[in-house]
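> The lines below spell out each chain.
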Amino acid sequence: MSPHEDARYVQRFDRYHRITHGLLMLSFLGLAATGLPLRFSGAPWAYYLSRVFGGFETAGTVHRACAVVLIIVFIAHIGRLVRRAVVEKDYSMFWGPASMVPQPGDLREMAQHFRYFVGRGPRPKFDHFTYWEKFDYWAVFWGMFVIGGSGLMLWFPRFFAHVVPGWAFNVAMLVHGEEALLAVGFIFTVHFFNGHIRPEKFPMDLVIFTGRLPRHELEEERQGELARLTAEGRLGALEASPPKPFVVTVGRSIGTLAVVIGLSLVALIVYAVVF
Amino acid sequence: MTWPHARRAFVLGLFLSVASGPVHGQDAPPAPTNDDCLMCHGDTSAQRASGSSVFVDAARFAESVHGQLELACTACHLDLAAAEFPHAEQLMPARCDACHDASAFEASVHGRAVAAGMVPAPTCWSCHGSHDILPSSDPRSRTYRLNVMRTCAQCHGASGAEQGRPGGNVAALFEDSIHGRALLRSGLTVAPSCVSCHGAHDIAPPNEAASKVNRANVAATCGACHEGIKRQYLGGTHGALVQNGDPRAPVCVDCHSAHHIQRADVEQWQVDVIRECGNCHTDKLRTYRDTFHGKVTELGFARVATCANCHGAHEVLPASNPASPVSPEGRLRTCQKCHAGVNASFAAYDPHADTHDRTRNPLLFFTARFMEVLLVGVFSFFGIHSGLWFARSWREVRRHHAAAAVTEPPPAAAPAEGPPADEERPR
Chain A
703 MSPHEDARYV QRFDRYHRIT HGLLMLSFLG LAATGLPLRF SGAPWAYYLS RVFGGFETAG
763 TVHRACAVVL IIVFIAHIGR LVRRAVVEKD YSMFWGPASM VPQPGDLREM AQHFRYFVGR
823 GPRPKFDHFT YWEKFDYWAV FWGMFVIGGS GLMLWFPRFF AHVVPGWAFN VAMLVHGEEA
883 LLAVGFIFTV HFFNGHIRPE KFPMDLVIFT GRLPRHELEE ERQGELARLT AEGRLGALEA
943 SPPKPFVVTV GRSIGTLAVV IGLSLVALIV YAVVF
Chain B
5 MTWPHARRAF VLGLFLSVAS GPVHGQDAPP APTNDDCLMC HGDTSAQRAS GSSVFVDAAR
65 FAESVHGQLE LACTACHLDL AAAEFPHAEQ LMPARCDACH DASAFEASVH GRAVAAGMVP
125 APTCWSCHGS HDILPSSDPR SRTYRLNVMR TCAQCHGASG AEQGRPGGNV AALFEDSIHG
185 RALLRSGLTV APSCVSCHGA HDIAPPNEAA SKVNRANVAA TCGACHEGIK RQYLGGTHGA
245 LVQNGDPRAP VCVDCHSAHH IQRADVEQWQ VDVIRECGNC HTDKLRTYRD TFHGKVTELG
305 FARVATCANC HGAHEVLPAS NPASPVSPEG RLRTCQKCHA GVNASFAAYD PHADTHDRTR
365 NPLLFFTARF MEVLLVGVFS FFGIHSGLWF ARSWREVRRH HAAAAVTEPP PAAAPAEGPP
425 ADEERPR
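Those protein sequences? They're chains A and B, same order as listed.
The first sequence finishes on residue 977 if you use the working numbering, and the numbering steps up by one all the way, no holes.
The second sequence finishes on residue 431 if you use the working numbering, and the numbering steps up by one all the way, no holes.
If you're looking for bench data, these hints aren't it; they were derived computationally from the structure.
Fair warning: this is a prediction, and the values are worked out from it, not measured in the lab.
Positions of the beta carbon are idealized from the N, C-alpha and C atoms, including for glycine.
One thing to keep in mind: the hints can contain errors.
If you only want the chain B side, here are some residues facing chain A, beta carbon under 8 angstroms, derived [to be verified]:
1. Val60
2. Cys259
3. Val346
4. Ala372
5. Val380
6. Ser390
7. Trp398
8. Val401
Here are the simulated EDC-like pairs of lysine to aspartate or glutamate, each with C-alpha atoms no more than 20 angstroms apart in a straight line [claimed, not checked]:
9. B:Lys216 with B:Asp206
10. A:Lys903 with B:Glu212
11. B:Lys216 with B:Glu271
12. A:Lys827 with A:Asp716
13. B:Lys341 with B:Glu271
14. A:Lys827 with B:Glu400
This is chain A alone, in the form it adopts within the complex (with noise of 0.2 angstroms):
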């Protein structure tokens, strides 16, 4: 459905979410692009892939820049994070609906989720955030620091020789490429299929790049969300305008070529993995 359809909106993400969320976007498609020839060295594709950059060793740099724009990200959430805890005291990060802990609710949303594809039950009340939300939230979140990590000790060996044994290398580079592995595929399948392929969002959710959510897609696939916001006379506060054409001509466009770019190496992958 267009935007002009449904004149209602509910606020979802701000612009802070929003330009973490690109930043994020961009230096992910960057290090999988720079990443997965050496990952994938053998392939015939990564040849000229490993060349589209300039070679490796402005492949590498641009790995690293991406790499440092992405801590960046990671910081600054964090940073967030603890300002939204200290400061404004606010701790609904911690627990409830508006938090991205794991809680028994997110279980049993899954298994009646499970029941709903197989016809067997209705569509669970979903709150602000979904099981499979906090999963993509966690996976990045533990790709972090087990990619971040390993990928620190790759590009400092010298440096954290002196604190770490010499096998910690050779352990450091296998999880670096398979966690990168788990992460670029979980994001350009998984993920895209979340925000994208599914025929509810097809060809693509905005709400990434907009900011806000057509109050429809609140009604059908946050219930939960709905009745707490009403019950707790949020909602008003939170309606929205819809965007502006600009906003999302600029978002549909950036989530295209991402789409496309984020297939592209999943297909890349996929030949590698086959042949």
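We have chain A; now place chain B onto it with these hints.
Using the frame of chain A, we list chain B on its own:
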């Protein structure tokens, strides 16, 4: 074709008699002088019944090594010494072995081909020419250092490849090699030509023990010029194996190739030779490809360590030898060649760690298994999750469309104040 000794002696006698003038006290007709022969053969239009030319360029013959010696035509064309003129159309082939010892040639692969009646098979004049033979020291000679490769290429070039001769078009490979470039482009007279490695008259196929290019002799053949490298090689593991007659031992040509030898400082060669090492050291190549070094070189960049950067090239030694650059004693210094200032812990990195070797790399082994379970687990779970969800969403969306089609008022009943609903749809 063998030439019995008795007959050779007879021919030699004949030659000497020709050289020393008419044989006294005999009735045989006098042998023709060169001028007699040139009466007919000096005519550029002289030809056989078949139309092929029988012209002999007297000036070029005079310049040739045989002309300089003022040899008579009959010195080589032995059967003409006593022939009636005009002589028969079919003559005996010219005999070089009347003067020259042909035993080395007869034993060679070429000589045996001639004896076996193979066609084509090279005889003396295939390489040396006939009436215009020049000493190999003469830059115009077919067998001069800078020219001899073209002479061999008559058979071992493109036509050799077409006719299935051993090695195919080895001339093309040689021309593109460091030896070929030095010889043919730079005109470097110390550069090796075909005969430097294969010999000239005594060429033998590589599977024969006497051959200069037999595996047991290759190091000595290359070492004739590359003396220093030969010493390094013979002092290393590979050289020791070949000296023990181990057939697995790599010789010079296994890594460098025989004819297509490239400069060792060319990036492409440096990354290609890794695969040569991997032909025998299969598991080492596999584990090397798991490392950053192995991946970057696989992409074709030689900026990072190849096999030889750590192990040495010709003098390669086992890690158990303290002199080896990969021995426990020498390893750190080897790493420091590129990674300046690193410590012993850095050098304890295993450059051939095996994710499937539980005893060699236990932590790596278990990490690899954990990552496998993690990847398979996550992709399996979300594969099923997304698949089921897609199927459900698909049905849901179609049901919505069907429901919308039923509940939507037909265009005729559309409210007058707004445009018909289906006109809004395409937006």
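> Each hint needs a verdict: does it hold in this structure or not?
Evaluated hints:
1. Val60: 60 angstroms, violated
2. Cys259: The hint is violated - Cys259 (chain B) has no Cβ within 8 angstroms of chain A, the shortest such distance being about 21 angstroms.
3. Val346: OK, holds: Val346 (chain B) within 8 angstroms of chain A, min 5 angstroms.
4. Ala372: At 6 angstroms from the nearest chain A Cβ, Ala372 (chain B) passes the 8 angstroms test, so the hint holds.
5. Val380: 10 angstroms, violated
6. Ser390: With Cβ-Cβ at 5 angstroms, under 8 angstroms, it holds.
7. Trp398: 5 angstroms, holds
8. Val401: For Val401 (chain B), the interface hint holds, since the closest Cβ of chain A sits about 4 angstroms away, which is under 8 angstroms.
9. B:Lys216 with B:Asp206: 9 angstroms, holds
10. A:Lys903 with B:Glu212: Given pair Lys903 (chain A), Glu212 (chain B) is violated - Cα atoms ~75 angstroms apart, limit 20 angstroms.
11. B:Lys216 with B:Glu271: 30 angstroms, violated
12. A:Lys827 with A:Asp716: 23 angstroms, violated
13. B:Lys341 with B:Glu271: 19 angstroms, holds
14. A:Lys827 with B:Glu400: 17 angstroms, holds
Violated hints, in rising order: 1, 2, 5, 10, 11, 12; the structure is consistent with all others.
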